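*Asks:* Residue numbers (our numbering), protein chains in the order written: chain A, -18 to 143; chain B, 39 to 397.
No lab work stands behind these hints: they were computed from the structure.
Bear in mind that the values here come from a model prediction, so they are computed numbers and not experimental data.
It is possible that some hints are incorrect.
Here are the simulated DMTMM-like cross-link-like pairs (lysine to aspartate or glutamate), alpha carbons at most 20 Å apart as the crow flies [to be verified]:
id, chain 1, residue 1, chain 2, residue 2
1, B, Lys57, A, Glu124
2, B, Lys88, A, Asp110
3, B, Lys370, A, Asp75
4, B, Lys88, A, Asp120
5, B, Lys88, B, Asp69
6, B, Lys88, A, Asp126
Just some of the chain A residues that point at chain B, by a computed CB distance under 10 Å [stated by the list, open to error]:
id, residue
7, Trp10
8, Glu29
9, Val30
10, Val33
11, Ile35
12, Arg38
13, Ile48
14, Val57
15, Val63
16, Gln69
17, Asp81
18, Trp82
19, Leu104
20, Phe115
21, Thr118
Built from N, CA and C at the ideal position, the CB exists for glycine as well.
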Amino acid sequence: MNPTTVDVPELLAPLGEPADVLRNAGGWWAVRPRLDVRAMAGLMRDHEVRLVTISARPAPDGGHILIYHWNVGSAVLNICTVIPEGGQAVTIADLLPAADWAEREIRDYYGLEFTGRTRTPTLMLREGDPAGLFSRTADVGRETDPAATARRAAEAEEGEAK
Amino acid sequence: MSTVVPMGPFHPALEEPYKIEVTCDGERITDADISVGFNFRGVEWLAERKTYTQDLALLERICGICSNVHTMSFSRAVEQLAGIEVPERAQYIRVVVAETERLHSHLLWAGVAANLIGFETLFMTCFGLREQLMDVLEAISGNRVNYAMNRPGGVSRDIEDPRAVLAAVRNVREVVTRQLIPVFTADRTVRARCSGVGVLTRADALAFGAVGPLARASGVAQDIRRSHPYEAYDRLEFDVPVREEGDVFARIVVRALEIVESCRIIEQAVEAMPEGDIMGDPFMDDVPAGEACVRIEGPRGELLYYVVSDESVTPARVRVRTPTFANMPTAKAMVIGQSLSDLGLIQASIDPCYSCTDR
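Based on the sequences and whatever the hints tell you, model everything.
*Replies:* In structure tokens, the structure reads:
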């Protein structure tokens, strides 16, 4: 793909859903709440657009935000979509193997399942560990007084020793 | 009858833990499964619980080889969010440190590769050169591994003796050009051992999202320093070596030629570096709400940082996609159809880093 001729809004047009496409120092940003991720993956593959990775983060009102980072010419295109609370994402790993580890890691951290995968082994966690490590421990380590947490841990340790 | 051969988490090619389990039909590999995470430290989780300033120390420790690129990426993400300008001299210093880091990373790899191929004396040559670069980094930063050079708004130390940097880099360039390049690009033994081995096609490189020298050895002509220049790279001249073969030999040649290009970049940067400040206003963990996405070209390839701020003193999200995270899955495409005896060489040709991958 020639970096000088990339028209990102035009590239995304076949995906149907109208979206604001912004550009800043971090690249192109597009928000598509009802994104057909498989159509997106097929489109990008046909245009030889490389998947850089997929990021995830908790959405402010529950659920998760997924960001698909693509290398478009000389810039990065970040396409954001929302997975509502209790919802499932759809895999693109069968279309683009670059997504495999990213999807497995997102499951490890946030417990988000990707439908369409034949299997989703852990990536960073050990086999048998429950998924969603970051979600389960969201409140841990955010205490206003970390020293108090350390003291409680020390007291608990002393109690165990006695 | 198929045989399953597990290699790792501890194995002969590398000193970091990971596991590759290959299925073989006789000597021929028919399938491969890769396991990582043995060094998982939850760095992203930790980064979301520490202040931006504390995160610099944390993220620098993701990797013992390319520690500088992590703080540089994070600093650039914060600068993007907060609209912080970096003084021009600091941009050049960042380039000098980043390229010196690339040199010592590539020379470490070249030494390991030479040893695996059978050139044991070349291993010592590579590590001797690498030692000179470690001295340069120590002279600039005070440290040999975690340099603590980057911070949002600039760099923490100036280059006080540019002539010493130039002398060391010119020596490295001269020895590499005279000794290393001829062996790695023209020696019959290297060619015989590495040509046609572990081929990654251009199509597979794109599908797997391969980056850096690995992708460039498969005909994917992308280098973030060139395609999306940052710091002072748009003011410096350098070539991006690309090969089409996609085999182990092509990866060796690309990295060997990149050593020379990094020397060129450092020499230009040191000579063109303007006088002036190396740091803007003090950074006080004051970051407006927003999200930033930064990519830079690390020694092993493109590194991505995605950082989200909710205006508190700690980032709301820090996502780190390291080059090996993108590159390691390509091993599956490379080893199928290959001889089991080539597995170690093919793995090493990726130049993997599990400390980075496992974060």
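*Asks:* Now look at each hint and say whether the structure bears it out.
*Replies:* Evaluated hints:
This hinted pair does not check out: Lys57/B and Glu124/A have alpha carbons roughly 37 Å apart, beyond 20 Å. Between Lys88/B and Asp110/A the alpha-carbon distance is near 26 Å, which puts this suggested pair outside the 20 Å criterion. Using a Cα cut-off of 20 Å, the hinted pair Lys370/B and Asp75/A holds, with the two alpha carbons roughly 15 Å apart. For the given pair, Lys88/B sits about 14 Å from Asp120/A by alpha-carbon distance, which is consistent with the 20 Å threshold.
Our distance criterion of 20 Å between C-alpha atoms is broken by Lys88/B and Asp69/B, whose separation comes to about 42 Å. Our distance criterion of 20 Å between C-alpha atoms is met by Lys88/B and Asp126/A, whose separation comes to about 13 Å. Residue-level restraint check for Trp10/A holds (minimum Cβ-Cβ distance to chain B is 8 Å; threshold 10 Å). A cut of 10 Å between beta carbons decides the hint on Glu29/A: the least distance to chain B is about 6 Å, and the hint holds.
With a cut of 10 Å, the hint placing Val30/A at the interface with chain B holds, because the nearest CB-to-CB distance is about 9 Å. The interface hint given for Val33/A holds, since its Cβ lies 6 Å from the closest Cβ of chain B, which is under the 10 Å cut-off. The closest approach between the C-beta of Ile35/A and any C-beta of chain B is roughly 9 Å, which is under the 10 Å cut-off, so the hint is satisfied. The interface hint given for Arg38/A holds, since its Cβ lies 4 Å from the closest Cβ of chain B, which is under the 10 Å cut-off.
About 7 Å separates the beta-carbon of Ile48/A from the nearest beta-carbon of chain B, less than 10 Å, and the hint is met. The restraint placing Val57/A at the interface with chain B holds, with a minimum CB-CB distance near 6 Å, inside the 10 Å limit. Because the closest C-beta pair between Val63/A and chain B is about 14 Å apart, greater than 10 Å, the hint is violated. Because the closest C-beta pair between Gln69/A and chain B is about 21 Å apart, greater than 10 Å, the hint is violated.
A least Cβ separation of about 6 Å between Asp81/A and chain B falls short of the 10 Å threshold, and the interface hint therefore holds. The closest approach between the C-beta of Trp82/A and any C-beta of chain B is roughly 6 Å, which is under the 10 Å cut-off, so the hint is satisfied. Interface hint status for Leu104/A: upheld, as the beta-carbon distance to the closest one in chain B is roughly 6 Å, under 10 Å. For Phe115/A, the interface hint holds, the least distance from its beta-carbon to any beta-carbon of chain B being 6 Å, beneath 10 Å.
The interface hint given for Thr118/A holds, since its Cβ lies 7 Å from the closest Cβ of chain B, which is under the 10 Å cut-off.
Checked against the numbered hints listed earlier, the structure breaks hints 1, 2, 5, 15, 16; every other hint is satisfied.
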